[in-house]
Amino acid sequence: MKFADLGLSDELLQSVLDAGYDTPTAIQAQAIPSVLMMRDIIGIAQTGTGKTASFVLPMIDILAHGRRRALMPRSLILEPTRELAAQVAENFEKYGKNHDLKMALLIGGVQMGDQVKALQDGVDVLIATPGRLMDLFERGKIMLNGCSLLVIDEADRMLDMGFIPDIETICSKLPPNRQTLLFSATMPPVIKKLADKFLSNPKYIEVARPASNNSNIAQHKIHVSTRGKREALRHLLRTDNVSTAIIFANRKTTVRELAKSLQQSGFSAGEIHGDMDQNARNAELQKFKDGAISILVASDVAARGLDVKGVSHVFNYDTPWHPDDYVHRIGRTGRAGASGRAFTFVTSEDAEAIANVEKLTGMSIPVFTLEGAEAAPAAREDAAPRESGRRERAPRGEKAPRKERAPKAAAAEPVVEREEAPVREARAPRIQRDEPRPPKDVLTELPSKPGEWNGPVPGFLSVSAL
DNA sequence: AAAAAAT
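Per the numbering used here, residue 1 is the first one in the first sequence, and the count goes up by one each step.
By construction, these hints were calculated from the structure, which means they are not laboratory data.
Predicted, not measured: the structure shown is a model, and the values here were computed from it.
You may find that some hints are simply not true.
[Unchecked claim] Listed below are the simulated BS3-like cross-link pairs for lysine-lysine, each with C-alpha atoms no more than 30 Å apart in a straight line:
hint	residue 1	residue 2
1	K97	K2
2	K203	K2
3	K359	K192
4	K252	K287
5	K141	K97
6	K102	K203
7	K287	K102
8	K94	K309
9	K141	K102
10	K309	K252
11	K260	K287
12	K359	K252
13	K2	K94
14	K94	K117
15	K203	K193
16	K102	K2
17	K117	K102
18	K141	K94
19	K117	K141
20	K252	K173
21	K97	K287
22	K173	K192
23	K197	K173
24	K203	K192
25	K309	K97
[Said to hold, decoys possible] Per label pair, the in silico range of CB-to-CB distance:
hint	residue 1	residue 2	range
26	G66	R139	24 to 32 Å
27	N98	T253	42 to 50 Å
28	S348	N145	52 to 60 Å
29	M1	P176	33 to 41 Å
Cβ coordinates follow ideal geometry from the N, Cα and C atoms, glycine included.
Kindly generate the complete structure, drawing on both the sequences and the hints.
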């Protein structure tokens, strides 16, 4: 099956080809012909399956005919987060380059002026997060009765975030004879009800979860104590052939503190979480995509859908509370056929959380042991009574990161560090691998010495869509 | 339990 077999126009096929794709993914092959035939769709899929292009491509061809009218967008795509909305917009630009289509990105955290202007000029596609869309609607800046195509993306995520009432309001403003495409990674009863109410005779398409059964990702769990996490992380960053990594923490405060701590240890790290303003979020994400930083410490704002090519490692600095989030987080690596590694730190308090993850993924995550590291006797330390007084002391490494530097490993260390870490021979934690290292294909072009490489590897980090 | 999203 090729893109040429799906009924897309020649101009569109050309831009798909120019982007370097000729074979559609499972969801693209199933969805595109049906969307072109104006059918409603329920897609059980998440980003990483090529879901975005499965609606962007046919939408471009559908919108190619007809004309724009002021204040009346012709189609609407709803996304749960600003970053995802921006990513869909990038896709429209990439694949719509041979078409005369106007779009507007309606997200919060940025000035309304340009968005209002675009609406007044008339747009073919509106890409929005619910809050800003509702706001502009209530201000009378948008009419939705000319909107004949609606995409509800990441519906289960919308549910988690309390957007379902907004979605229902928005749906009721659209013409009833519109086409509706709904995508969701899971189908909880509320979403099922939403689909029953707002879709008519939808085609049901389900593709495998990419992360839970993605054999490209080598998954490990590491038993650590809470105070041993930072050292264990620094050790892995230095010794596991990390080229680019996303480190997830459960709390925004942890994200901030950990990013600072890694920077102080000389790592080229940035951060992203919802307390940062949108400019800062965009800037950090762009630096990561460009290779200006090699480590991104993130809250779950970045767990879903974000598509950065060439992420070699995902670290769950905290075990996620919701097992779904585990699947989303580790899915940031091992993308587009590349191999990736995912490490999850597990403290004794995380026993239930990790059990839920293993139940969901249907596999037992192999234990990875850091031998000789402070982290080793995790269960015992954490089980010990907390009022021992040692707890008052700052965890080693936080106040005096210099002293905590692990020795450089003999192997290549592609992680870009801003400065050379002092080399010390004492206390070399030894790694005991429980399985062989995955192929190092994505790493071969990186320099053998840290500090020599400051820019992106050509073609290595880029936004991909399919 | 947290994070996200309108201001």
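(request) List, from low to high, the hint numbers that the structure doesn't satisfy. (result) Per hint list: single violation, 20.
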